[in-house]
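Asks: All chains, full assembly: derive it from the sequences and hints.
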Amino acid sequence: SCSHFPYLYFLENTGLEIQILRVKWFTTAFNRKIIKWGMDRSRFWTAWFNAGVIISIILLPIATIIILKMTFNLWLTGSSSDSSSGITLEPMLPGVDVPFNEIGYYTTTLAICSIVHELGHALAAAREDVQLFGLGILIVFTIPIAYVNINNEQLVTLPLRNQLRITCAGIWHNIILATVAAAILVFSTWLWAPLYNLGTGIYVKTILPNSPILGQTGLLEHDVIYKLNNCPIKYSEDWYDCILHAVQHSTPGYCVKQSFIQDFDESVPAKQKANGAVNCCTTDSEMGGSLCFEYIEGPQAAPLHLPPHSCLPVRTMINQSQNFCQASHECLSQDTHCMKPSLDNVTKIVQIKRKVGKDVLYFGHPADIYRTVDVSDWVPKYSFLYPKLPESLALLCKYITVFSAGLAIINVVPCFFLDEKPQYLQLRA
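Using full-length UniProt numbering, the first residue of the sequence shown is number 1, and each one after it goes up by one.
Source of the hints: derived by calculation from the structure; they are not laboratory data. Heads up, some of the hints might be wrong.
[Claimed, not checked] Once the Cα atoms are required to be at most 30 Å apart in a straight line, the calculated DSS-like pairs of lysine-lysine come out as:
#1 Lys388 <-> Lys353
#2 Lys257 <-> Lys340
#3 Lys24 <-> Lys398
Replies: In structure tokens:
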């Protein structure tokens, strides 16, 4: 009907072509600018694209060896080579080895790498006086693919060196892009130093509403954690390792003075629970925050007038404790003894130290903390800042480094139907 004409006219004049799960856009709007860039400072561009040819030729045997090694490993083991064995290439698919919550980074990275790659071809073609018809981008489902349309008849009539400058330009630009992204990633600590601290603790971003760590004296969002029990924490990897250590090992004991034990002990005759723990506290004492502790003697302990089990207030005792221990001989101060909580194999006491506020004491399974608390390495220096900005930049740089370097390796391989296929035909000529 006539109502379709404005829509069709719009598509024709904008270069858009819309199909099922596919959008294509082609334009000549950037031709003049690209030609101007390519013709300006001609000596620079000549040296620039000559360097691209040299680097691509050097990369050729390296990329071929990587591909062949990966292929042989696939045949021999039935799976891609072990990531610890060196550089490998793997397809990256959303929902398979790329989390769905990172699909935005995935799509953005593909667009950036593809555009930079094709821009290299376009600039090199303009430098060699090859006609540029236009540039475009094709979006298939969520995957963007840039492309450039140049005059192939003019390309094949150029001398070999000039042809290689054009065909190697995409690889060269991907190598440069990967290098720049990797450099930003490496130097990000210094780039963000005026605004964020790194390596001084971890920042609590969010806590799930059902987290057992919440409470009146529990962990809060924006807290900065620097220690878990006796395990120092500087980065999020330390956070994971410390929680894993708490899961795999029994709760440590605490070195406290004998006078404290005698003053605060509220124990009753001890009873063995079904789970193996010992209970020496009344119900009222337990409701008040007390727990049954076992006196741990050292290998050469002197006779003491201390009961084997004492009911002590947990927070008060931990605040009074001087250090962690596994036996009384580890308590260095005079008249201090090792008191260890009597718990089953699953339940642990976890002491979380934070920069501001009292220590958080958690009684339960440590894995529940890890599942419900999201932390960041980036600690803002100012209250209006949030770790999302440096985290997003770091993740984007990681994606760009991996994708751009991978595209360079794939495109340099002497294989038909790939982007740079003509250059190897030229090298063999």
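Asks: Run through the hints listed earlier and report the numbers of any the structure violates, in increasing order.
Replies: none
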